[in-house]
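Peer 1: Sequence:
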Amino acid sequence: MGFQTLIVNASTGVELSFIDSGPPAQDVYTTIIAVHGMIFTNLVFQKVLDIAPSKGVRFVALNRRPFPGSTPFTPEELDVTLTGGTGDADRDVQIEARGHEIAMFVAEFIKKFKLPALSQDGKQGGVALLGWSVGAAYPLAAVGSAPTLPKDVKELLGSYIRSLISYEPAGLVLGLGMPAQQWTPLADTTMPENIRLPSFGQWVTSYFDHEDITQRDLDKLSWILSSPTHVPTLYRIPTDELNAMMRLGDDAGTDLPFLAAFQNQLRISCRKALFNADVAKVFPHMKRSFLVGDKTAAFGFAGIWALQDDEKINGGTIPVVYKVIKGTNHFAHWDVPEFALDAFIELIG
1 MGFQTLIVNA
11 STGVELSFID
21 SGPPAQDVYT
31 TIIAVHGMIF
41 TNLVFQKVLD
51 IAPSKGVRFV
61 ALNRRPFPGS
71 TPFTPEELDV
81 TLTGGTGDAD
91 RDVQIEARGH
101 EIAMFVAEFI
111 KKFKLPALSQ
121 DGKQGGVALL
131 GWSVGAAYPL
141 AAVGSAPTLP
151 KDVKELLGSY
161 IRSLISYEPA
171 GLVLGLGMPA
181 QQWTPLADTT
191 MPENIRLPSF
201 GQWVTSYFDH
211 EDITQRDLDK
221 LSWILSSPTH
231 VPTLYRIPTD
241 ELNAMMRLGD
251 DAGTDLPFLA
261 AFQNQLRISC
271 RKALFNADVA
281 KVFPHMKRSF
291 LVGDKTAAFG
301 FAGIWALQDD
311 EKINGGTIPV
321 VYKVIKGTNH
331 FAHWDVPEFA
341 LDAFIELIG
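Reading the sequence shown from the start, the letters are residues 1 to 349 in the numbering used here.
Derived by calculation from the structure, the hints in this document are not laboratory data.
A hint or two may mislead.
Using C-beta positions, here's what the derived DEER-type ranges look like [to be verified]:
no.: 1; residue 1: Q4; residue 2: Q26; range: 39 to 49 Å
no.: 2; residue 1: P192; residue 2: I51; range: 35 to 45 Å
no.: 3; residue 1: A187; residue 2: Y235; range: 43 to 53 Å
no.: 4; residue 1: T86; residue 2: V231; range: 41 to 51 Å
Here are the simulated BS3-like pairs of lysine-lysine, each with C-alpha atoms no more than 27 Å apart in a straight line [to be verified]:
no.: 5; residue 1: K111; residue 2: K55
no.: 6; residue 1: K151; residue 2: K123
no.: 7; residue 1: K312; residue 2: K114
Where a beta carbon is used, it is the ideal one built from N, C-alpha and C, also for glycine.
Based on the provided sequences and hints, a complete structural model is requested.
Peer 2: In structure tokens:
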């Protein structure tokens, strides 16, 4: 199953690559459009794509810029991504552009493949957006920036999008910073810089034994030490598949600087997507949810708890649904794809 591409900006020719499960047998179905995280490309969703039609859904996984098959950043875009540019104005333009690219991808996909519309009762058809890890920032940006889209695009998306699922983003991805306990190989300056990305790629696929998560106590999370009872996902992925899906070069190196420089923009984008009344009017059918596995890296719980706290202060009229699934790490979609897909479908409603 090779990459296909869709042009998402007609004036610049920017395109995003994607893989597609294709439609299921039935005429009316929901389409899930997923955005990948750091290091691991859209191919990390391949196992979910393989089973999606049997579950009555279509599953599409796109590659963000500048990952394989999608348009690289221009020198100017790359500079702002890596450095934050000269100020908030530069970053505001950039986050809106990334959001619009995802939104336009969804709109073009709907039109090209004539996706089934959302049923009158909101229980069949339509589109669900899924952002995993760092990738959660992009559907949030797409929804949060929707009011500045062309009117026809905004109306099309508003009539189709029924669910926005954020799947294990760290607080940093939501613009909510990092707790003092935070540790990952990416930020460990005692490691040589050239091994931080590959070290993170191994560590983040581990399972972690946290203490009682119902206490919402950051000190009871296992921030560094992985579980001795589970082999990390990375060591069980066939080498050829791992080499195809894992990126350790300049493209993967754009994510961490982006998160560091764009905290204000990411926070505003997140709050708009989840809590803003004007955005809610654009998406009258859209449910909002967060998903985390109880064996994932600690940043998954730190992120969801930070958002819960933020919702208490800044939340809108539509509550966010939070779901914890048992026994899964950050790669449930690879290790237990049917279980993960069932969780996605449940949150779509």
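Peer 1: Would you mind marking each hint as holding or not holding in the structure?
Peer 2: Hint check results:
no. : hint                     : in the structure
1   : Q4 to Q26: 39 to 49 Å    : 23 Å, violated
2   : P192 to I51: 35 to 45 Å  : 40 Å, holds
3   : A187 to Y235: 43 to 53 Å : 23 Å, violated
4   : T86 to V231: 41 to 51 Å  : 47 Å, holds
5   : K111 to K55              : 23 Å, holds
6   : K151 to K123             : 25 Å, holds
7   : K312 to K114             : 39 Å, violated
Violated hints, in rising order: 1, 3, 7; the structure is consistent with all others.
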